[in-house]
Amino acid sequence: HQQLFEKHLVLLRDGRTLIGYLRSIDQFANLVFHQTVERIHVGKKFGDIPRGIFIVRGENVVLLGEIDMDKPCDTVLQQVSIEEILEEQRLQQQAKQETEKVKMQVLKDRGLSIPKADNLDEY
Amino acid sequence: ECFKKKKKQPTATLTVQLTLACVSAPQLFYSFFKSLVGKDVVVELKNDLSICGTLHSVDQYLNIKLTDISVTDPEKYPHMLSVKNCFIRGSVVRYVQLPADEVDTQLLQDAARKEAMQQKQ
Numbered sequence: 001h002q003q004l005f006e007k008h009l010v011l012l013r014d015g016r017t018l019i020g021y022l023r024s025i026d027q028f029a030n031l032v033f034h035q036t037v038e039r040i041h042v043g044k045k046f047g048d049i050p051r052g053i054f055i056v057r058g059e060n061v062v063l064l065g066e067i068d069m070d071k072p073c074d075t076v077l078q079q080v081s082i083e084e085i086l087e088e089q090r091l092q093q094q095a096k097q098e099t100e101k102v103k104m105q106v107l108k109d110r111g112l113s114i115p116k117a118d119n120l121d122e123y
Numbered sequence: 001e002c003f004k005k006k007k008k009q010p011t012a013t014l015t016v017q018l019t020l021a022c023v024s025a026p027q028l029f030y031s032f033f034k035s036l037v038g039k040d041v042v043v044e045l046k047n048d049l050s051i052c053g054t055l056h057s058v059d060q061y062l063n064i065k066l067t068d069i070s071v072t073d074p075e076k077y078p079h080m081l082s083v084k085n086c087f088i089r090g091s092v093v094r095y096v097q098l099p100a101d102e103v104d105t106q107l108l109q110d111a112a113r114k115e116a117m118q119q120k121q
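As you go down the protein sequences, you meet chains A and W in turn. Quick note on numbering: the first sequence equals residues 1 to 123 in UniProt numbering. Quick note on numbering: the second sequence equals residues 1 to 121 in UniProt numbering.
Just chain A, with the same shape it has in the complex (with noise of 0.2 angstroms):
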C-alpha cells in the first residue's frame, strides 16, 4: 500500500499533533507511527518533539492526513528549540486558563455552567 511509505500527520483528540512513518493501520484507526515526532505549534513558531514509536488507540485520532512533500508550508512558519516552544505553550495555556477562569465566573453569577466536551460520546 502507498500510504506505508509517506510521512503522516495525525491529530489527535487531546490537540496534539504527532508527524511520522505510518506502519500500520485498521478498521478502528489505531495507528502505528515509526519515527516519531511531537510538532508543538504556539503562533507562528513549531518545536518538533523526537518521540520514536508510538501506538495510537483509534478512538483518539481525530485527523490522519498524508504529508505532501511537494505542497510549499514551512515559509511561514519558524521552527524553534524544544525548550523555547515548550515555554511558548506553557505562556499560551496560562493565559487561556487565566481566560476560561473569568468566564467560568462570569456563567458562575448568572447560574449557568457548560460541561467539557472532552468525552461526550463513544462510538
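In short, the hints are calculated from the structure, not lab data. Glycine is no exception: its CB is placed at the ideal position from the N, C-alpha and C atoms. Don't take every hint at face value.
Derived Cβ-Cβ restraints for the label pairs, each shown as a range [what the hints assert, rightly or not]:
(1) E98(A) / T15(W): 45 to 51 angstroms
(2) G43(A) / Q118(W): 48 to 54 angstroms
(3) T99(A) / Q17(W): 46 to 52 angstroms
(4) G111(A) / K34(W): 28 to 34 angstroms
(5) Q118(W) / I55(A): 37 to 43 angstroms
(6) I114(A) / T105(W): 39 to 45 angstroms
(7) L107(W) / E84(A): 53 to 59 angstroms
(8) S35(W) / Y21(A): 32 to 38 angstroms
(9) K46(W) / Q92(A): 47 to 53 angstroms
(10) G111(A) / E102(W): 32 to 38 angstroms
Using the hints provided, position chain W relative to the given structure of chain A.
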C-alpha cells in the same frame, strides 16, 4: 420574503430528524454519503476545525476521506499546510456541509421517516 420565512422553519426540524436518523438508520447515511462521492464538502469537526475538500470515500462508520483539502477558517491550524489528503474519523465529525443543489432534502426526509417507522416496529 415569504419564501425566506418558509425555508427557515423546516431546517431546524430537518436537522433534528436527520440527526436521529443517523443513529436509528446508519445504513441510510452510508448510502447517502456514497452518492456524494466526488462532490466538494466542508467537514466541521468537534474540535471546531473546518476542512474543505472533495469527498473521496466513506465507510460504514461514516469515516470520511477527503482529497485536495484546505482549512476553511483562517490558518489557526498551521499544521495542515502540507496535507493534501486526509482521513477523518467518523466519531469526531460535528457537521458535513453540502452544496444545497446536490441534496434532495425532500427525498432524504422521506427516507429517514420511512426508516424511523420501520425501526418502531
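Here's how the hints hold up against the structure:
no.: 1; hint: E98(A) / T15(W): 45 to 51 angstroms; result: 35 angstroms, violated
no.: 2; hint: G43(A) / Q118(W): 48 to 54 angstroms; result: 53 angstroms, holds
no.: 3; hint: T99(A) / Q17(W): 46 to 52 angstroms; result: 37 angstroms, violated
no.: 4; hint: G111(A) / K34(W): 28 to 34 angstroms; result: 46 angstroms, violated
no.: 5; hint: Q118(W) / I55(A): 37 to 43 angstroms; result: 41 angstroms, holds
no.: 6; hint: I114(A) / T105(W): 39 to 45 angstroms; result: 32 angstroms, violated
no.: 7; hint: L107(W) / E84(A): 53 to 59 angstroms; result: 56 angstroms, holds
no.: 8; hint: S35(W) / Y21(A): 32 to 38 angstroms; result: 35 angstroms, holds
no.: 9; hint: K46(W) / Q92(A): 47 to 53 angstroms; result: 21 angstroms, violated
no.: 10; hint: G111(A) / E102(W): 32 to 38 angstroms; result: 44 angstroms, violated
Of the numbered hints listed earlier, those contradicted by the structure are 1, 3, 4, 6, 9 and 10.
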